[in-house]
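Following the hints, put chains X, W and U with the ligands in place on chain C, whose structure we already have.
Note that the protein sequences, when read in sequence, are chains C, X, W and U.
Here the first sequence is numbered in our numbering, starting from 1357 and rising by one per residue.
Here the second sequence is numbered in our numbering, starting from 1357 and rising by one per residue.
Here the third sequence is numbered in our numbering, starting from 1197 and rising by one per residue.
Here the fourth sequence is numbered in our numbering, starting from 1197 and rising by one per residue.
It is worth saying that the hints were derived from the structure and are not from the lab.
In this text, a Cβ means the ideal position worked out from N, Cα and C, and glycines have one as well.
Just so you know, nobody snuck in bad clues.
Simulated restraints, written as ranges between beta carbons of each label pair:
no., chain 1, residue 1, chain 2, residue 2, range
1, X, Ser1419, W, Gly1271, 52 to 62 Å
2, C, Thr1716, X, Ala1718, 50 to 60 Å
3, C, Asn1474, W, Gln1230, 33 to 43 Å
4, X, Asp1362, C, Gly1588, 22 to 32 Å
5, U, Gly1297, C, Glu1619, 46 to 56 Å
6, W, Gln1230, C, Arg1735, 18 to 28 Å
7, C, Asn1474, W, Asp1208, 49 to 59 Å
8, X, Ala1484, U, Pro1292, 34 to 44 Å
9, U, Pro1292, C, Lys1527, 31 to 41 Å
Think about it this way: if two alpha-carbon atoms lie no more than 25 Å apart in a straight line, the pair counts; the simulated DSS-like pairs of lysine-lysine are:
no., chain 1, residue 1, chain 2, residue 2
10, C, Lys1472, X, Lys1472
11, X, Lys1527, X, Lys1451
12, C, Lys1472, X, Lys1451
13, X, Lys1472, C, Lys1451
14, C, Lys1528, C, Lys1451
15, X, Lys1380, C, Lys1380
Sample of chain W residues with no beta-carbon within 10 Å of chain C, all distances over it, derived:
no., residue
16, Asn1203
17, Ala1205
18, Ala1275
19, Ser1318
20, Thr1319
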Amino acid sequence: MSEDADPVYLDYAATTPLSPQVAKRMRDVQENAWYNPSSSHQGGRISAAVVALAAEQLAALLSVDPTSLIWTSGATEADNLAITGTARQREHRGKHLVTMRTEHKAVVDVFRTLEKQNFDVTWLDPDADGHLPIERLEAALRDDTQLVSIMHVNNETGAIQDVAAIGTACKKRDIVLHVDGAQATGKIPVDLTNLPVNLYSLTAHKFYGPKGVGALFVADGTRIDPLMFGGGQQRRLRPGTLPVDLIAGLGEAAAVAAVSMLEDLEKLSELKSRLLAGIQDIEGLNINGPVEGGFPGILNVGVDGVEGESLLLALEPLCVATGSACNSQSQEPSYVLRALGRSDLEAQSAVRFSLGRPTTPADIDIAITLYRRAVGKLRKLAPKAVVQ
Amino acid sequence: MSEDADPVYLDYAATTPLSPQVAKRMRDVQENAWYNPSSSHQGGRISAAVVALAAEQLAALLSVDPTSLIWTSGATEADNLAITGTARQREHRGKHLVTMRTEHKAVVDVFRTLEKQNFDVTWLDPDADGHLPIERLEAALRDDTQLVSIMHVNNETGAIQDVAAIGTACKKRDIVLHVDGAQATGKIPVDLTNLPVNLYSLTAHKFYGPKGVGALFVADGTRIDPLMFGGGQQRRLRPGTLPVDLIAGLGEAAAVAAVSMLEDLEKLSELKSRLLAGIQDIEGLNINGPVEGGFPGILNVGVDGVEGESLLLALEPLCVATGSACNSQSQEPSYVLRALGRSDLEAQSAVRFSLGRPTTPADIDIAITLYRRAVGKLRKLAPKAVVQ
Amino acid sequence: MSDNPYNPAVRDCFSDPDHAGIVAGGVEAFFEDQGMRIRLSADVSEGVIRELRFLAWGCPHVIAATELFCRQFEGRHAAELEQFASDPIMQDLAVPVEKTGRILVLEDTVRSLRAAIKDQLSTTQE
Amino acid sequence: MSDNPYNPAVRDCFSDPDHAGIVAGGVEAFFEDQGMRIRLSADVSEGVIRELRFLAWGCPHVIAATELFCRQFEGRHAAELEQFASDPIMQDLAVPVEKTGRILVLEDTVRSLRAAIKDQLSTTQE
Ligand SMILES: Cc1ncc(COP(=O)(O)O)c(C=O)c1O
Ligand SMILES: Cc1ncc(COP(=O)(O)O)c(C=O)c1O
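Excised from the complex, chain C in its bound form (with noise of 0.2 Å):
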């Protein structure tokens, strides 16, 4: 970053920089396998092996097959595929879907859509931290509900849904289950060998991979229809060159994230802690999403009487998010929160810290010097509210 000084990223949530070791791997490929892994000359094979090594390094990291593996552009990608192409597949079964109020908009515009085409959805409401209670899902199944979509990690929050305990409600009802896992993706252990999970989706740039490639899951027996077409890439189910790169990438990308998931964690832990402690005894603070027991990369507090956009002008050089990095052109306040519970008020103040493996305690330090400090600046600003 040039244009100001020092700047303290703290958005490792809206997206990550590239590790090292997948950047390196990266060029090695763009160099010697650069090749289009559909051609059977030599050159395409040299490219098909690498996109072969890149499946089972993400394989790997999900416990899953290899060949479950779907490449896409992203999560928004393969979160439209798995939700459309589950809605379509069994369309003439029923047209009842379900998800949540809190889901990432690469999801909930899907569903809005879906509703436009005479789909019925209905939108659960999550408790005040964020979680769903099971109850609520089991009594939302229908009969006729074909599809539940449910995060695995939210993405302002940080709140960890509990896959298998849904995984389980929706099995016995012979219900796909698909999780929009972007955000848990090589940050939390994954197993979807033990989790009732039909679809999961990823995108890679969220942990230390390459932006423009991601995955869908898609468990052995769920069908889905396609969204694009042309050529036979991907068994009919993803057409489109495969960008070998930006695969080799995804996949060392995984590779890595399961050698240092458990010690990066540990980190985080200890990071947001610090950073908590450093900002807690704010007057009127607020955490949004769980206290206790949530991804600990995330830290979204609101705080009473400060304007959010000012807000994140005076933390400047702090680069941090108000609500989803995806909702930030938007300044209305995010709907997540809402549906937490929060007011428009006390949403449109909240601040998303999101910490990430290049993350120093001294970052956090600045950050929350930054953060009480604007805070201060702007509660001395306001006026007092005039009841009129």
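Same frame as chain C, now just chains X, W and U with the ligands:
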């Protein structure tokens, strides 16, 4: 390549390596501007500026406004988005669509899917050279025709369509014209300000840019429905985190192409002539596609009495394609060559030599030697057909 | 994809709001709309605005616009407030169109301040 | 995404088909099916296949299988042709399932060769 010794790559229509300038630019972005361009903080703005520059670079190559470009994962997605998006957007006006039999799978398979959804598709045949006679198009257009999709440069034969004439015919009747420019962009001059085209698809990896990124040009006033949903990115037409490094690479590839195109074309013409001169005396050789006036980077030839798959293996270490790279998994004779009037037997022996910026006269000479030897060997091996 | 949404003038006014605060015992104006709140207070004597202070709750453009207003009108004749229009300020601060409505809250507050100063003058002259 | 579709045995038989050709005046068999064509010719004397040659039109697996057959049976007793089965050859060459049908063309040609040799023997013994 390491599998065997000294391969000669003449499959640049399948994919190309990164130009050194593109690789350099991408590395720089990966290190210094790897943020999420949608983030409203300092980092996000740095990445947004990178994306804006890339849009300008690509816009300059195509003579369009930067705001008319939608980033996609490649031409496959751009084709799907353009065709499905137009068909859906204009469905209420009419359900007749027109395309050619010689289109890429990423177009053909989308129209096939639309046919299943009760759209009425007219499949036009090319002449023997691969061109679309404009009277054939005119004759096919009806009052309820909403979309025509014709590719610019054919990926198997190099035939170049008269996009200006096609566009004029469409414009008169308020029909949307989509052009698949995957094999044209960055290779031949494309001036979309002066071509009556509504939608134009492209993919970076065909002109020394990265794999996994492409774009769709959407002319001012042309409206399409999105294919995917989620997030507000890209005017709600295409969601997902923007892969800033890939987009930067696409922009840079466009900038390089703008500078080197004429020189590239001249060189390719010379190399193609050299190749043709070296093999044209082979008995029973025929050229698939235009003998004159096609894209000089592609030469597609067939020979009597030789089986295609064996020819490909006998040609090793020459890396060439039998049909389109995207079809090469299937052993079926190319439907493109069949549409040109070739028999199955003729089509299956076809070899596409596609030359690129790194191709040298020495590569061509090796290709000539290998091709002559392989044809000779397989012909010697072939028993005469016995009419039973 | 956004360019930097805050031009240097916004950044300067926002990060160094010299006129933040309240003029104790000064003329006051307060306006609240669209979730924005602006409070102006002024020390006016002999028709001249000797001191002009603000408090504001809103986005950076609202805060910067209010600070800029104070910078521009402190020291000038109160009568000149008549000439105030938000357009030049919006230009100086490159306020995006979608925020125009917010800046009009400043206009309303300034109008209210003018009225309050007139009131005070008439009270004083009585 | 394909692994290398040709194992080393295929590559060897395909690139060095020592047995390509025709035995002039030998016993002949020809079979054509599914677009594949195989011609075998053999010099058989005293019940032994002294020389075995082939011509083939087809994919690399067909050519390699035919060459491999020749390598295996040249020099052996013609009676041993009875033992010929395409399964071991398909295994040696790792022939993909979708090509199994093509290799059966070889089986048919060998059967036809066997018959031709028998014919010749009976003619000779007459
Ligand atoms: C939970 C969740 N799902 C989906 C996505 C979409 O990922 P991408 O933008 O890489 O497609 C994101 C991140 O933006 C996310 O956090
Ligand atoms: C004419 C044409 N259209 C579309 C495509 C698809 O491009 P991509 O695979 O990059 O999506 C290709 C190349 O594969 C092509 O040659």
